[in-house]
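**Student:** Going by our numbering, the sequence shown opens with residue 423, and the numbers climb by one from there.
Calculated from the structure, these hints are not laboratory results. Remember, predicted model here, so these are calculated numbers, not experimental data. A virtual CB, placed ideally from N, CA and C, is assigned to each residue, including glycine. There may be inaccurate statements among the hints.
Unchecked claim - Taking CB as the label site, the calculated pair distances span: (1) Arg534 with Glu564: 43 to 53 Å; (2) Ser436 with Leu471: 18 to 28 Å; (3) Gly492 with Met569: 39 to 49 Å; (4) Gly506 with Gln445: 25 to 35 Å; (5) Pro488 with Asn575: 38 to 48 Å; (6) Lys505 with Gln548: 47 to 57 Å; (7) Gly472 with Met598: 21 to 31 Å; (8) Lys505 with Arg583: 42 to 52 Å; (9) Ser561 with Gln434: 28 to 38 Å; (10) Ser436 with Glu518: 22 to 32 Å; (11) Lys579 with Lys558: 26 to 36 Å; (12) Asp481 with Glu504: 28 to 38 Å; (13) Lys507 with Lys579: 43 to 53 Å.
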Amino acid sequence: MISTPDPSATNQSSFAEAYIANQERLKGYVYSLVFNWNDAEEVFQRTSLGLWKKWEQFDPEREFLPWAFGMARIEAKRFLAEKGKQELMLSDAAMEALDTALVDRADGWNERLAALEQCVKKLPTQQRSMLWASYKKASSVEQIGQMFGLSANAVYKRLRRIREQLHQCIDLRIAMGGDGK
Numbered sequence: 423m424i425s426t427p428d429p430s431a432t433n434q435s436s437f438a439e440a441y442i443a444n445q446e447r448l449k450g451y452v453y454s455l456v457f458n459w460n461d462a463e464e465v466f467q468r469t470s471l472g473l474w475k476k477w478e479q480f481d482p483e484r485e486f487l488p489w490a491f492g493m494a495r496i497e498a499k500r501f502l503a504e505k506g507k508q509e510l511m512l513s514d515a516a517m518e519a520l521d522t523a524l525v526d527r528a529d530g531w532n533e534r535l536a537a538l539e540q541c542v543k544k545l546p547t548q549q550r551s552m553l554w555a556s557y558k559k560a561s562s563v564e565q566i567g568q569m570f571g572l573s574a575n576a577v578y579k580r581l582r583r584i585r586e587q588l589h590q591c592i593d594l595r596i597a598m599g600g601d602g603k
């Protein structure tokens, strides 16, 4: 007997993938609504909980961000009302304009991220290692310098050049429609 995949499991998997892929954008959006990092973290947690409770309503055929932004807007309004800060809330028209702008930019972010991945792969191994080391929270510039036999100043200069090189590579790939090899 051939078993068919459970559609709800597939939908939950699609929801989880969309949530993870858009988590940082959602967090940024929430901050734009409440203008305070501590409040934004609280609203983000409430929004995330609400999204997970309603994952069955997620339609994988539609965009995730507009749905998530709608939930975030509701949670932000509720939170600001509880705190007596309703006057800080953007108007509905301003929020809708913000939603539209952020959703439109999300496609550009995905394209830039894909280009970044390709450009990083093209870096020589030593440059790639230095770049990754610079993003580890435990690695200071001095420690990176010791790893590569360089002074801290030399590490700063090399990292700046690597980032400039990546920026140019990304711009070129996007200008060429993502095919710039």
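**Student:** Give a verdict on every hint.
**Tutor:** Hint-by-hint comparison with the structure:
Separated by about 31 Å at the C-beta atoms, Arg534 and Glu564 break the suggested range of 43 to 53 Å. Distance hint check: the CB atoms of Ser436 and Leu471 are about 19 Å apart, consistent with the given range 18 to 28 Å. Evaluation of the 39 to 49 Å hint for Gly492 and Met569 yields a pass: the beta carbon distance comes to about 47 Å. Separation of Gly506 from Gln445 is about 29 Å and conforms to the stated range, judged on CB atoms against 25 to 35 Å.
Separation of Pro488 from Asn575 is about 47 Å and conforms to the stated range, judged on CB atoms against 38 to 48 Å. Range check, Lys505 to Gln548: Cβ separation about 51 Å, and the 47 to 57 Å hint holds. About 41 Å separates the C-beta atoms of Gly472 and Met598, a value inconsistent with the hinted range of 21 to 31 Å. In this structure the supplied range 42 to 52 Å holds for Lys505 paired with Arg583, their Cβ-Cβ distance being about 47 Å.
Checked against the given bound of 28 to 38 Å, the beta carbons of Ser561 and Gln434, roughly 37 Å apart, stay inside it. The hinted window of 22 to 32 Å between Ser436 and Glu518 holds, with their beta carbons roughly 26 Å apart. Separated by about 19 Å at the C-beta atoms, Lys579 and Lys558 break the suggested range of 26 to 36 Å. Against the hinted window of 28 to 38 Å, the Cβ-Cβ separation of Asp481 and Glu504 comes to about 30 Å, which satisfies the hint.
Under the hint 43 to 53 Å, the C-beta atoms of Lys507 and Lys579, about 46 Å apart, fit the expected range.
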